[in-house]
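Let the hints inform the model, and build the full structure from the sequences given.
Chains as they are written, first to last, in the numbering used here: chain Z, 3 to 415; chain S, 3 to 415; chain W, 3 to 415; chain G, 3 to 415.
Hints in this document: simulated from the structure, not taken from any laboratory. Just to be clear, a hint being listed does not mean it is correct.
Each pair of labels, with its calculated beta carbon distance range [as the list claims (entries may be wrong)]:
1) G:71 to S:193: 52 to 62 angstroms
2) G:190 to W:350: 30 to 40 angstroms
3) G:380 to Z:123: 25 to 35 angstroms
4) Z:52 to S:415: 54 to 64 angstroms
Quick reminder that beta carbons are idealized off the backbone N, C-alpha and C, glycines included.
Protein chains: 4
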Amino acid sequence: MAAVGEQAGQQQVKKVVLAYSGGLDTSVILKWLQETYGCEVVTFTADLGQGEELEPARKKAELLGIKPQNIFIRDVREEFVRDFVFPMFRANALYEGVYLLGTSIARPLISKHLVEIAAEVGADAVAHGATGKGNDQVRFELSAYALNPHIKVIAPWRLWDLTSRTRLLAYAEERQIPIAKDKYGEAPYSTDANLLHISYEGKALEDPWVEPDEAMYTRSVSPAEAPDAPTYVEIEFERGDAVGIDGVRLSPAEVLTRLNELGGQNGVGRLDLVENRFVGMKSRGIYETPGGTVLLAAHRAIESITLDRGAAHLKDEVMPRYAELIYNGFWYSPEREAIQALVDKTQERVNGTVRLKLWKGNVITAGRKSPNSLYRLDYVTFEEDSVYDQRDAQGFIKLNALRLRLGAMARGK
Amino acid sequence: MAAVGEQAGQQQVKKVVLAYSGGLDTSVILKWLQETYGCEVVTFTADLGQGEELEPARKKAELLGIKPQNIFIRDVREEFVRDFVFPMFRANALYEGVYLLGTSIARPLISKHLVEIAAEVGADAVAHGATGKGNDQVRFELSAYALNPHIKVIAPWRLWDLTSRTRLLAYAEERQIPIAKDKYGEAPYSTDANLLHISYEGKALEDPWVEPDEAMYTRSVSPAEAPDAPTYVEIEFERGDAVGIDGVRLSPAEVLTRLNELGGQNGVGRLDLVENRFVGMKSRGIYETPGGTVLLAAHRAIESITLDRGAAHLKDEVMPRYAELIYNGFWYSPEREAIQALVDKTQERVNGTVRLKLWKGNVITAGRKSPNSLYRLDYVTFEEDSVYDQRDAQGFIKLNALRLRLGAMARGK
Amino acid sequence: MAAVGEQAGQQQVKKVVLAYSGGLDTSVILKWLQETYGCEVVTFTADLGQGEELEPARKKAELLGIKPQNIFIRDVREEFVRDFVFPMFRANALYEGVYLLGTSIARPLISKHLVEIAAEVGADAVAHGATGKGNDQVRFELSAYALNPHIKVIAPWRLWDLTSRTRLLAYAEERQIPIAKDKYGEAPYSTDANLLHISYEGKALEDPWVEPDEAMYTRSVSPAEAPDAPTYVEIEFERGDAVGIDGVRLSPAEVLTRLNELGGQNGVGRLDLVENRFVGMKSRGIYETPGGTVLLAAHRAIESITLDRGAAHLKDEVMPRYAELIYNGFWYSPEREAIQALVDKTQERVNGTVRLKLWKGNVITAGRKSPNSLYRLDYVTFEEDSVYDQRDAQGFIKLNALRLRLGAMARGK
Amino acid sequence: MAAVGEQAGQQQVKKVVLAYSGGLDTSVILKWLQETYGCEVVTFTADLGQGEELEPARKKAELLGIKPQNIFIRDVREEFVRDFVFPMFRANALYEGVYLLGTSIARPLISKHLVEIAAEVGADAVAHGATGKGNDQVRFELSAYALNPHIKVIAPWRLWDLTSRTRLLAYAEERQIPIAKDKYGEAPYSTDANLLHISYEGKALEDPWVEPDEAMYTRSVSPAEAPDAPTYVEIEFERGDAVGIDGVRLSPAEVLTRLNELGGQNGVGRLDLVENRFVGMKSRGIYETPGGTVLLAAHRAIESITLDRGAAHLKDEVMPRYAELIYNGFWYSPEREAIQALVDKTQERVNGTVRLKLWKGNVITAGRKSPNSLYRLDYVTFEEDSVYDQRDAQGFIKLNALRLRLGAMARGK
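What follows is the structure in structure tokens.
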């Protein structure tokens, strides 16, 4: 009978590039791909700033029979911050008013490398370890398809029958895949990490009425444990991007790394959220985004003195859509690129320095200055002045009121 | 010589209703109106929760020769929160990403009463004490014109020549208007207060690179002085409005009063901002909005489990426009009312309870629950389940990707 | 073999309500449902104004073995226009700038009846005859699921193997399903019709460089064949809905019927379009919407004198989203309902009369008047006047220009 | 007495550049500027395609005492279409759903030249002949201030007392300003013309219930007088701009000129509108935009096959705002430029050819083709195919429906 929809092993796959972390799950996937498709597997392991060594992943890939020339390990931290995180922060992107999109923004970068490596090694497929209920599968696959419309995508979690922890472990044991001791028990939550953030979701967090365990956090000290003395930090911006901290010019990844340290030390950037997934259900996530939280505050502050009102309000109006596009996986879409062009156009003179005070979870704007400042003391002072004729306000109000008055008259007032 | 535009004393005014605080400035205005227009002056003093006694205003009005029947003093706190603050919070309104619109939202209410009193007493004009450089003149006047298109509006600050402190004081002394001792010196900043917030702007705050003096704040303790133990608070919502705190049902003004106390005690709700005025320049303002800051977090949290994604994202997209309308003074406009209808429609099932942790400036979501919750553990769990077929995700992704793939193919990929 | 995704006959179905036209395709579906699921089939045939007799559908259903109590035939024309077409026209909805959504708007109505009948007769499933490549399957199913989240939906075209004309005809012949003579050949295009429009797509129209055959059109004479004398028509509106024509009060369906006659006689309402389907590809459609084309022009014209500018521009900004929602099948969604609340709020005073001239394909506004008109000759005249002080314009312009001037100065001008 | 607001002769003006048509009104202004300000007057007369000789303007300026080196006459037609009209058409801009912005788009160009000439000749002011009730004063002045924040703007119609026809004529006669015979009577309407359109408004058109006189139109034959045979025209596009007609490559102004001829001959492009002015009232305007009407239809048609859905819908959503900005005079604003960047980004592959049929007022799309077409017959056909798996639609629908189903369940369904 003709197969229906997607089905394990059904596709002909010659060579597949797998997004490989070196962990248990993607190691099982590696083996399963070999067995199910009888194909050559190429691994791609990226340093996105998740804070893990990559060499163990290489070792493990070799152990699982991957040829050295099929093992790709790349440090993509600068690319990640420069080409993905920074453009997104130019838009002040927040999903559902609060979420800094730390997971969402990393996925297109990974797919970009998967597709590029596939072209290099002549692979016809890519594979990822995201489940069938989440957003990440969508983000991986939309990006991959947008970059290579002919690529095959294998999503083992939607295909195989290793759908319980027990079966997965059994499969791994049978194939002599090394299993770290702590992997035998059920993890209380799953995490995703990169230079922008770490997320937690699942099991122990599933009741949105219950606070998370303080012990869970890894990127920030508890605000209650943070120093009593505030940390002041000065962030320099050029064309909307942070280019230096406290007088020292830094690369994009260095900026974010430093802001993570400063924010994390001061208990900044925790978020507990029930969010709407693109696949249709609500889920609860906890995020730590110390550097990103600082950066957003700083960017809004530098914009506050350098950005024209019309441009600023326009940006604010398109931002929710932009954030939604990134959350939903449409980074490589014509509409995200068009909004990016709009956003980037507004950043041409977003230059200057912002001073922030970090203290026990708080990010407090303590100053902003710019060679391109649009803030003009002479226009805003209460003094008599020549630059602004207060009587102009009357005409301004009268004409703004005219349609409201005509409307009221038409209603018989 | 033919008068051009607005000009002091030029209009014929029979009777004018003045928004009267009892302070020096509006007392001078009171006198000036009498002298300039030779007209009867009616005073309106409102308790908006600004934290001042109103009886002294009555006394002072009497002293300045206002007839008792021309003195209107009203406690409008419940009306303010119920009909203005709460509808605005249903929209999660933030101006320029951060400002809770505490001043903006009070102005239409005052104008509403001015116009109503004018109708009651047969006055043909209203007057206010806002200057010619600010937003408040616009808000007062647009509201007044929208409610009574035939009303005359007198804005003495745009008309008279008392444009320096010295001249104002001289004028007051000549007319024996009582001057509080602290009014002789120049105030370091001007403030506006009501149940939602207090604002500070001007002189001492004019350099946006300089932090405000800690001594300035009046509504919140410094986060550094706040208690070491967190305060947990549970806020109950019905149709998007807060109706109870910690199990006690409260009126709108009681809710906000209580949240102000709780927030203020924990150093919550301070904001230092450079904002874009409707009249065209940037200005720097400092705000304390303790209760409002708590309320916004709570409202977003209750929406996070009760609001459909489509409705939530739509609201987020129209919010900046809605906030801009309120900031600019268009509360009584067809477009604000139309967006309100949209917003209110989404709040029909925004019921439930949010638990927040207030601590040293932080507002942390600690739990949310609702009889109308859309969060479904069975749909979000990693377990195998019958309700969600993971394989549906493939079709979902494939069709979402189709236009991106066709686009890539057309570009020769 | 383990079934993957949706599969014919796989679901347990007890009783299914089929959207039944009486034509060959849905008759085959009827039989196929009986055979495949062994279930009771209930038919629903609606008079949406498609211009076909319904009694033959009843006869045919009986012939195919449907019990009389399982045959539902309803005239839903008034409901269609009143509850679906008119609300949509209040928004001036156009998909992709030009398409009046004639097919899209009928689908949710059909699903509403399918789901209601399912509840009445105790059916657990509904079925429709839309294909797997089009928008209609989405519209039918999203509506059905939104109205009954537990309903099963059967879409035979996505399931069966009758995927060629030959097989379909063979299946019909084997089951002695009557086949109209003209059904043996391949139709040059498929159509969908209701009181709002008729659409054509497929085969003969597939090359977007080629004009359609003039003989195809059925709802409008060719502009070239239309009368030389224009038809003037006056349409009366109340709260944004057309309620009368040429002085005669009419029901919603009567209004649209009459406008179809008048528009059709004058060659009005043809559209040749390449549009973007929700499922991801572009398709070419030809539409005739004579009455709708007239109605849109009339509605815009009555709004032009009765709607406030702020409300009008707001509506225009949300319209594309609203049209997209309807096109994509989200009629029964919280966000469509929220936008509807916004739109309806603006229509409260959209009353009056519009005079149009219909002539050889043209719809020309020839006049508009309203008891609620906001057009005021005294304000617009070039004469000197007391109502509008031209000098107010200076202040209006100066303050609107201020930020632009400050921006230019900051750029060194 | 201190002057209030703007006042004639009050400003010190050294040298002023006047937008000079050579007509009676701007000739009177010329004289009035000399007399009122005792300043040197420089004239700028532009060929925008309004269809008038420019040499008589030179003669008249000389006659009125303007030095030859102070007379600037420029043919700006190519600049107008290339830098203003075409960018606007990339956005498919329509104000209030129907108006092609023919007057609005010309004003910033004129101001640009006024300001440039002012810089060349060392003038400190510019002047225009727009009245105090219209939009044009706003457009002229916002553009001038944005380009030179220090420029003075003189708007005689808001300042002088020549506010009746009689006084204006008397003033002209006294100064021996030549008056064309037809200028003695009152014109039945005022017009504005350029290569994009001609407008009519005022007196004879003031009752929106009355049709305009057929004799008024000058750019198009009456549809009733248009040829019986249709005109087919093929328009070639590159990156969203029309670059050729019927196989002949043309410059921007040539394209628009040719489309005006073709459209005008076929009675295309008339519009009768009540619109909302920026200054607050509604006004009635009649427009002829033959070439623009054709161009809009062609541009939408070429986009229909070359533009991605996401980009297309995004453009449609921002279009009303973009059109409003241009209508209101904010061409030279950061937000218009930001939206332009968005729009231009989408046009990168909007290449190809559109075939239109022009006939008695109708513009009918007769074909579109493109080397970058996204229309794919193989994806849209009803046939069985390998490229599109119809069963993907099930998952697509199921996940799109999920939130709607969960919502229905939460409502107890």
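_Output the indices of the hints that this structure fails to meet, ascending._
4
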